[in-house]
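J.: Chains as they are written, first to last, in our numbering: chain R, 52 to 229; chain X, 363 to 426.
There may be inaccurate statements among the hints.
As the list claims (entries may be wrong) - As a list, the in silico EDC-like pairs of lysine to aspartate or glutamate whose alpha-carbon atoms are at most 20 Å apart:
#: 1; chain 1: R; residue 1: Lys96; chain 2: R; residue 2: Glu109
#: 2; chain 1: R; residue 1: Lys96; chain 2: R; residue 2: Glu84
#: 3; chain 1: X; residue 1: Lys369; chain 2: R; residue 2: Glu154
#: 4; chain 1: X; residue 1: Lys402; chain 2: X; residue 2: Glu421
#: 5; chain 1: X; residue 1: Lys402; chain 2: R; residue 2: Glu170
#: 6; chain 1: X; residue 1: Lys415; chain 2: R; residue 2: Glu100
#: 7; chain 1: X; residue 1: Lys369; chain 2: R; residue 2: Asp81
#: 8; chain 1: X; residue 1: Lys402; chain 2: R; residue 2: Glu100
#: 9; chain 1: R; residue 1: Lys96; chain 2: X; residue 2: Asp411
#: 10; chain 1: X; residue 1: Lys415; chain 2: R; residue 2: Glu196
#: 11; chain 1: X; residue 1: Lys369; chain 2: R; residue 2: Asp178
#: 12; chain 1: X; residue 1: Lys392; chain 2: R; residue 2: Glu170
#: 13; chain 1: R; residue 1: Lys215; chain 2: R; residue 2: Glu196
#: 14; chain 1: X; residue 1: Lys392; chain 2: X; residue 2: Asp374
#: 15; chain 1: R; residue 1: Lys96; chain 2: R; residue 2: Asp75
#: 16; chain 1: R; residue 1: Lys212; chain 2: X; residue 2: Asp374
#: 17; chain 1: X; residue 1: Lys402; chain 2: R; residue 2: Asp88
#: 18; chain 1: R; residue 1: Lys215; chain 2: X; residue 2: Asp374
#: 19; chain 1: R; residue 1: Lys96; chain 2: X; residue 2: Glu421
#: 20; chain 1: R; residue 1: Lys215; chain 2: R; residue 2: Glu170
#: 21; chain 1: R; residue 1: Lys215; chain 2: R; residue 2: Asp203
#: 22; chain 1: X; residue 1: Lys415; chain 2: X; residue 2: Asp385
#: 23; chain 1: X; residue 1: Lys415; chain 2: R; residue 2: Asp58
#: 24; chain 1: X; residue 1: Lys369; chain 2: R; residue 2: Asp204
#: 25; chain 1: X; residue 1: Lys369; chain 2: R; residue 2: Asp75
#: 26; chain 1: X; residue 1: Lys392; chain 2: X; residue 2: Asp411
#: 27; chain 1: R; residue 1: Lys215; chain 2: R; residue 2: Asp204
#: 28; chain 1: X; residue 1: Lys415; chain 2: R; residue 2: Glu149
#: 29; chain 1: X; residue 1: Lys369; chain 2: R; residue 2: Asp107
#: 30; chain 1: R; residue 1: Lys215; chain 2: R; residue 2: Glu188
#: 31; chain 1: X; residue 1: Lys402; chain 2: R; residue 2: Glu84
As the list claims (entries may be wrong) - Label pairs and their computed distance ranges (CB to CB):
#: 32; chain 1: X; residue 1: Glu365; chain 2: R; residue 2: Asn160; range: 45 to 55 Å
#: 33; chain 1: X; residue 1: Pro372; chain 2: R; residue 2: Trp138; range: 39 to 49 Å
#: 34; chain 1: X; residue 1: Arg414; chain 2: R; residue 2: Glu100; range: 30 to 40 Å
Keep in mind the hints are simulated off the structure, nothing from the lab. By construction, the Cβ of each residue, glycine as well, lies at the ideal position given by its N, Cα and C atoms.
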Amino acid sequence: MASEFRDRDCQFVFVYTREAHPSDRYPGHDSLERKLDHARTMVDKLGFERAMLVDDLEGVVHHAYGRLPNMTYIVNAGGTIIYRAAWTDPRTIRGALEQIVFERGERRNQRRITPYYTEWLPQRPNDDVTFVQDLFELGGARPVEEFIAAMDDVEGPAGTKRMKEWWAEAQTRGAGSS
Amino acid sequence: MAEYNYKHFPLDGDMQDFVSFPDATRVGTKAPDGVLIDAKDGGDVALGDVYRKGVTVVEFGSYT
Chain R
52 MASEFRDRDC QFVFVYTREA HPSDRYPGHD SLERKLDHAR TMVDKLGFER AMLVDDLEGV
112 VHHAYGRLPN MTYIVNAGGT IIYRAAWTDP RTIRGALEQI VFERGERRNQ RRITPYYTEW
172 LPQRPNDDVT FVQDLFELGG ARPVEEFIAA MDDVEGPAGT KRMKEWWAEA QTRGAGSS
Chain X
363 MAEYNYKHFP LDGDMQDFVS FPDATRVGTK APDGVLIDAK DGGDVALGDV YRKGVTVVEF
423 GSYT
């Protein structure tokens with residue numbers, strides 16, 4: 052999406068925050084150097100197209116924008132927030148960018164457009180088993196166990212049943228323990 | 363409240379941040395400014411300077 056919309060005068064940046072799911076391989080940051088190292092590893096491993104900008108160790112910018120682990124904002128050239136979402140969902144981001152490109156075309160054609168406020172509560176694909184599988188591949192057993200424990204606390208046993216079943220099976224296959 | 367750079371994922375899943383998010387900033391208002399480090403060359407980048415170049419999609423996250 053970044054390369055597609057870059058041709059339509061939209062730019063994409065990534066702001067590196069604290070580690071959402073620290074592990075022994077990728078621990079919580081104890082220095083700016085470690086934070087930069089993790090950010091550069093992410094660029095290398097994922098083949099980043101976007102600019103990688105790293106927040107300071109205390110997360111000053113992260114705090115100012117809401118401190119969520121994977122939120123997305125769209126800001127116009129005047130510095131005004133025109134979209135913000137608690138989670139990064141490519142579908143709604145694409146929809147917002149299509150709208151922005153449409154508005155730009157209307158202005159270019161000198162058609163009058165005016166802003167209006169809206170609120171929306173979309174839902175995104177969010178497979179919990181896939182999530183903990185990815186956590187395990189990246190960080191090993193500890194982030195998996197900590198996440199399941201936290202979700203147990205937040206959602207209760209019904210919310211963590213699938214993850215626990217996957218984790219129990221993974222461990223019998225030798226996934227290891229913390 | 364847990365320290366910012368926690369060593370272990372917090373038991374409450376940082377749910378308070380999700381509860382507070384609707385009020386953290388508002389569409390239609392100025393995006394907070396700040397200085398970040400460009401991972402490519404280590405130089406400082408002011409968010410305000412980034413935004414002036416055009417519509418900007420800002421994703422926040424980490425490798426984990």
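J.: Which of the listed hints are not met by the structure?
T.: Numbers 1, 3, 5, 9, 10, 11, 14, 20, 22, 33, 34 - these are the hints that the structure violates, sorted from lowest upward.
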